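Q: Below are the chains, spelled out letter by letter.
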Amino acid sequence: MSFPLLTATAVAPALGAVVTAAVPAAQRAAAKWVALGFSLLTLALAAVVLVRFDPGGARFQLTESHAWIKDFGVRYELGVDGIAVALIALTAVLIPFIILAGWHDADPLEGARPNSRWRPTQGFFALILMVEAMVVISFEATDVFLFYIFFEAMLIPMYFLIGGFGDRAGGRSEEETATQRSYAAVKFLLYNLAGGLIMLAAVVGLYAVTADELGTGTFSLQEIVQARAGGHLDMASSTERLLFLGFFFAFAVKAPLWPLHTWLPNAMGEATAPVAVLITAVVDKVGTFAMLRFCLQLFPEASKWATPAIMILALISIIYGALLAIGQRDIKRLIAYASISHFGFIILGIFAMTTQGQGGATLYMVNHGVSTAALMLVAGFLITRRGSRLIEDYGGVQKVAPVLAGTFLIGGLATLSLPGLAPFVSEFLVLVGTFSRYPAFGVIATVGIVLAALYVLILYQRTMTGPVKAEVRSMPDLRVRELVVVAPLIALLIFLGVYPKPLADIVNPAVDHTMSVVDKKDPRPDHPVTDAGWFTYSPKSDGASHDGASGGAK
Amino acid sequence: MSGTLAAAASTTSTGEALQFWVLGTVAVIGALCTILMHKAVHSALCLAGTMIVLAVFYLANGAYFLGVVQIVVYTGAIMMLFLFVVMLVGVTAADSLKETLKGQRWLAALCGLGFGILLCAGIGNASLTTWNGLGQANAGGNVEGLAALIFTKYVFAFEITGALLITAAVGAMVLTHRERTERARTQREQSEARVRTGRNVPPLPAPGVYARHNAVDIPGLLPDGTPSELTVNATLRGRGQIRDVSTDALAELAALEQRSQRWLGRKARDTGKKAEDTAEPEHGENGENGENGQNGENTAGANSRGAAK
Amino acid sequence: MNPVNYLYLAALLFTIGAAGVVIRRNAIVLFMCVELMLNACNLAFVTFSRLHGNLDGQIIAFFTMVVAAAEVVVGLAIIVSVFRSRHSASVDDASLMKL
Amino acid sequence: MENLIGLLVAAPLLGAALLLCGGRRLDGKGHYIGTVLAAASFVIGAVLFAEMLGRGEHDRALHSKVFSWIPVGGFRADVAFQLDQLSMTFVLLITGVGTLIHIYSIGYMEHDERRRRFFGYLNLFLAAMLLLVLADNYLLLYVGWEGVGLASYLLIGFWQHKPSAATAAKKAFIVNRVGDVGLSIAIMLMFTTFGTFTFAPVLTNVDHASEGKLTAIGLMLLLAACGKSAQVPLQSWLGDAMEGPTPVSALIHAATMVTAGVYLITRSGAIFNAAPDAQTAVVTVGAVTLLFGAIVGCAKDDIKKALAGSTMSQIGYMILAAGLGPIGYVFAIMHLVTHGFFKAGLFLGAGSVMHAMNDEVDMRKYGALRKYMPVTFVTFGLGYLAIIGFPGLSGFWSKDKIIEAAFAKGGTEGWILGGAALLGAAITAYYMTRVMLLTFFGEKRWVPDEAGQEPHPHESPSSMTIPMMVLAVGSVFAGGLFSLNDSFLKWLEPVTGHSHGDSPLSAAAVTGGTMVVLLIGVALAWMQYGRRPVPRTAPRGSLLTRAARRDLLQDDFNHVALVKPGQYLTRGLVYVDHKLVDGVVNGTAAGVGGLSGRLRKLQNGYARTYAVSMFGGTAVLIAATLLMRAV
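Residue numbers (the UniProt record's numbering), protein chains in the order written: chain A, 1 to 554; chain B, 1 to 309; chain C, 1 to 99; chain D, 1 to 631.
It cannot be assumed that every hint is accurate.
Stated by the list, open to error - With a straight-line Cα cutoff of 25 Å, these simulated PhoX-like cross-link-like pairs (lysine-lysine) come out: (1) A:K399 / D:K162; (2) D:K601 / B:K98; (3) B:K102 / D:K601; (4) D:K162 / A:K469; (5) D:K444 / D:K371; (6) D:K365 / D:K490; (7) D:K365 / D:K162; (8) A:K399 / D:K29; (9) B:K98 / B:K39; (10) D:K579 / D:K601; (11) B:K102 / B:K39; (12) A:K521 / A:K304; (13) D:K564 / D:K162; (14) A:K469 / A:K399.
To be verified - Derived coverage of chain C by chain D (criterion: at least 3 residues anywhere in the stretch with Cβ under 8 Å from a Cβ of chain D; other residues may be distant): (15) 21 to 28; (16) 90 to 96.
What the hints contain is simulated information worked out from the structure, not anything from laboratory work.
Keep in mind the model is a prediction, meaning the values are calculated, not measured.
The beta carbon of each residue, even a glycine, is placed where N, CA and C say it ideally should be.
My request is simple: use the sequences and hints to build the entire structure.
A: Pasting the structure below:
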């Protein structure tokens, strides 16, 4: 029994949350540093995971398994595949930036009398770390029940983060802001709880089915997958479909899929920018990740059965989200709708059931996290400067704060997936993967590219260019802290856009495995022009440089 | 003790059957009276009756110990406790049977009916055929049998009930105990207070004295013949149990005259009128009494009606 | 006669008691009705012990009596204190449980 | 040698990185860094060119794989460069003209405080453009493709404080994005057809694929080309793009970027050869655009917009030629290069004129500038002669060939295309003469600018004139040089292939025809603008004129057909999202709330009511148990 690395990765932020919350009220600054320190510790541990993980190795690595609730066969089972590793890395990377960006978001308002018992600053950072811990462990859990617990528990800190630490720059009266904020928080909670409860029913149902079929009920993903592969466990197709829908509903709410998306704009609009990033870049990823890990692998047949409907919903999300983003007047809501559109792409890629689609979707999760973080955090800096979220309150910022405008533009270009930046790679992979199986869907989704350009550039034009508005004339440019937040994210965007191979090599085996579980093969091209198997074609170069990824068509 | 033998048999003796039907009727009537009587006191008495009947049934069922306990503890102690509390609390508006909640009666009736029918139906289709009576169970004596069980099988429950009783006693004390915050006022202080206020400086006047019964509930008459409320205990006043005898004399006089008239064989009409005339200036209720007189009611009836007011 | 009639009687008394609980407003009478119900149960127990030919039923009845006694004591004490505080023994006056 | 190819791209990229991240400390010398790096790239190109000439004409292609970019399953995209004669031609054009324009900009942007940024953007553009022409697969080409789009976006909107500039930039990017959709779909189609999208395997295995697929790919590529090269129906952005600084218009929107579409089609020649329907579409687009642009060019009074129209039209020629297949590829590229020279020269001249007339762009307010700025006049004039195809100058050689090739297409199609090309030549002569006359001849029609100061034109500094001279030289001799015993044809043939169509007319006839229409056009223009004085404010003009002034109503059409409905759609969707999708949820919530409000009434607080419910509940329970027993 070696050192429980995964547990440590999840425990570190949890511990950090406790310590941060315990910091006495007076030392507000200390709490921030403590939180930052623990998030960096988590980052270090995640880096160790990344290093220890061997892409070519077993499906699940660094596994830990202990009996937990014997009577119900619930086990404390952790293990990571390439997809999980990538997403854990993303989470660990983003949290420190989120904490840094939110450095002053939870400071007491001017004139608010210092209350000895209520400690908003400590609470804010503690909650963020708590969310990180739960997200990380739900990426690691290979036991359905364990996953479910943290999938749901995540809502509690998120609820308080949204409802308790809303955006002060509403441009509205204080009490209206408060009502809006609580509305958003409750909406978020109710939506996700509804999804979670349905999922709970499905989880119990899964246990019942396994108990019937295998004798002893189990929640272990691997056991169930093996049993299905071995033919010991054959569900009635109706049962499987019901269970699948139960799981998928919860995940579709979490990763907002049309028409379950309306909570996201409210939540992201009312929360502070860092929390909004936390929602869309970290927490929502659990939903898409779980589709890939649980929906597809537990219920392959049902997944294939539901694919057309889900693809259509995803398409609607893409176009619909983009169109609504164009129509928004509120910067943060605009970004939220853009995220909805992007989640449409991710889901499209997952259910395209091709190596490119799913690989692309996984990369998309990471890239979207980084790009949205960049865009949203810069937007947050902008909003805190001017104190308004409405687009028409800005204009000509580029002239007074060129660096801010530049970073904002880069974030926007990443959002419209400009080649050379990370999101392009993933988006194109998703499109190709979709196109190669469902050409029509691929073509329609491609329209999303144009719409993305529209909403990003309109946003940039209205806020950054044109004559300088009087209100923004005295706007300061990015400060050092803010640069420290943004610059690494942009560097990451560029690196992953130019050289995504390392990430792809980590992800590919996992994707191939998923494909084999679902028992789908990439469609062969009509006239493959190949020397040895069309999928290892590479002009004038040995295929050795490609051994990172074994073709899905094998 | 006719139940002793019958307790063993699967079907009871006719004696017990008779006893059941008679006393059962009594018990049901008692129960109904309990929930239908206006006054709490009457309810309590009816309940006591029902309990006694039940005690008899216990005995008939071979539960001698319980029968006795029922009489001693329930009918003796608990019901008396009830009566004490009734005395303590006295009369309240709650005594009226007028329903205030809308539809409560109907719901109650409906539920009761359904409940009873269902219960009986349940008992009915429970096949209770073989009655192996308490013959050998009570062979060593009922009390000994109970004792054996209590101190072996149910000893813990027994101890716990002991604890429960103690708790209850303490609880009752705690609940009813009232901390006296200020010193009790001495008689001197009270008299001084009376003098200070100047209202009825002397001690309260005594109730009126009347030859025929306990006079506590009869107000003393003031010099002008009107009864003085002060003379009667407040509780009786509150219960409206003051007996007004101010008109009895006149009523009797009227009755006397009637009899004499009848005896003299004269027409009762005009004298009756005269009697009314004589009665007229005296008191409001006079005429009524006069009619009473004509209906030939005796004074006791009049008195009782006076009491009923 | 079949001793099961005792059970019917018990059922009847119990129902009457329940009805009384529902329709009477005077807390004391209400308590009496509860006592009536308990007694009905006791009768049933006793009859059952006759049915089964062992004394457990009577034991239960005995315990019921004890508990009933305790309940009455506490309950009446509550009634008295309530009456002291608000000069009423009507259960409808204590209707603070509404929202 | 292969590694040098990477350097070609790396040099300007480094420049862009330095200048954009360098911060204010580089403001002083930023423009030199940019220029030097551009020049370095040109030098590398020249070295490679020399080395390439040294090799036999069939093994001239160089290939260098830098690293594997996106390997996912069967999807293999490498960052790999391929340098053959075609790419080399572009490399020299881009770096050469690019360097010249860098030099020019040093003077032109002297007074702009954001000059460092400007040069950063220019370098970024060079890098992207080189990546575009050097890529060995379509996906990498796509990167360059969008990269130049980004650079053009940044440069058109360089003067962001002008809302018109910002809007024009946005418009350019969006319209280009529409074209990019075509390119990306084409790549997907190639992937599903061939399992790869690398040039070599795709283009060599075209014959395996079905014609339908190839036609689809071809059309998608054509869409992309239309977007980037401002061809009908995606041409509307080019006119507005003139909002950018003039060097930008010269480099990006005349010489290099807008010709990327021609490169794409020529590069994908194999596909088009195998898909005649796609070719027909290409030539149609080309023919239509060359007339369209020419007509627009005639009506514009803004000198840069007039030149933009001409650019459109000239690229129409190239597209037409490229659409003709092996007959035309070479001439398309040849015209592209010569056009790169003279059109860049013309724009620089225009820029010089504007520089002198304190940024006045209306030609009707110029006039008689020839004696004030002789160098500009001469260089501009040479460029003018070149573009109208004056015998002996560059334009003559290249355009004439294209017209011949158009006729050589054969059949009625050939006649139509040839006719269109001829007509285009005539109109070209007309509007270019018009520009010339309005700007340099006639009497002064100058007006004071907003600041109220009279323009006193002067010759531009040498940093601006020298590039103009160089380009003028190029526009005079390049064509002749290329045509000298068909050197250019021989140079490109290994890549594009070549075939002589059977022209119904002899070359001489075509040339003669061209000369005739040319004279007609010049004469018309002279009669209209040369003889009688030109009014300062444009006359109302004929219907066609007015339409042409509005880009033949293209923008209006877009506005009515796309923009307005789009706005209504988005507004409607916002409403729907708020009322319908969200309303359902909130409605449910409200319903539950109301229901609970009613249920709350049951809690009246009377213990006896609760007792009744308990009583009833017990009854129900008993009933239930009994029923269970009974069942």
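Q: Against this structure, judge whether each hint is valid.
A: Verification of the hints:
At roughly 11 Å between alpha-carbon atoms, K399 (chain A) and K162 (chain D) fall within 25 Å of each other, so this suggested pair holds. The suggested pairing of K601 (chain D) with K98 (chain B) holds, with an alpha-carbon distance near 23 Å, which does not exceed 25 Å. Between K102 (chain B) and K601 (chain D) the CA atoms are separated by roughly 14 Å; this keeps the pair inside 25 Å, and the hint holds. For the hint linking K162 (chain D) to K469 (chain A), the alpha-carbon distance of about 13 Å falls within 25 Å, and the restraint holds.
At most 25 Å may separate the alpha-carbon atoms for a hinted pair to count; K444 (chain D) and K371 (chain D) meet this at roughly 11 Å. For the given pair, K365 (chain D) sits about 47 Å from K490 (chain D) by alpha-carbon distance, which is inconsistent with the 25 Å threshold. Between K365 (chain D) and K162 (chain D) the alpha-carbon distance is near 22 Å, which keeps this suggested pair within the 25 Å criterion. The straight-line distance between the Cα atoms of K399 (chain A) and K29 (chain D) is roughly 21 Å, inside the 25 Å bound, and the hint therefore holds.
Taking the CA atoms of K98 (chain B) and K39 (chain B), the gap is about 13 Å. The hint holds against a cut of 25 Å. Between K579 (chain D) and K601 (chain D), the direct Cα distance comes to roughly 31 Å. Violation of the 25 Å bound is thereby established for this hinted pair. For the suggested pair K102 (chain B) and K39 (chain B), the alpha carbons sit about 23 Å apart, so the restraint of at most 25 Å is met. Restraint check for K521 (chain A) and K304 (chain A): satisfied, since their Cα atoms lie roughly 13 Å apart, inside the 25 Å limit.
A C-alpha spacing of about 24 Å is found between K564 (chain D) and K162 (chain D), which places the hinted pair at or below 25 Å, so the restraint holds. At roughly 10 Å between alpha-carbon atoms, K469 (chain A) and K399 (chain A) fall within 25 Å of each other, so this suggested pair holds. With 4 residues carrying a beta carbon less than 8 Å from a beta carbon of chain D, the stretch 21 to 28 of chain C meets the three-residue requirement, and the given coverage holds. Only residues whose beta carbon comes within less than 8 Å of a beta carbon in chain D count, and the stretch 90 to 96 of chain C has 5; three or more means the coverage holds.
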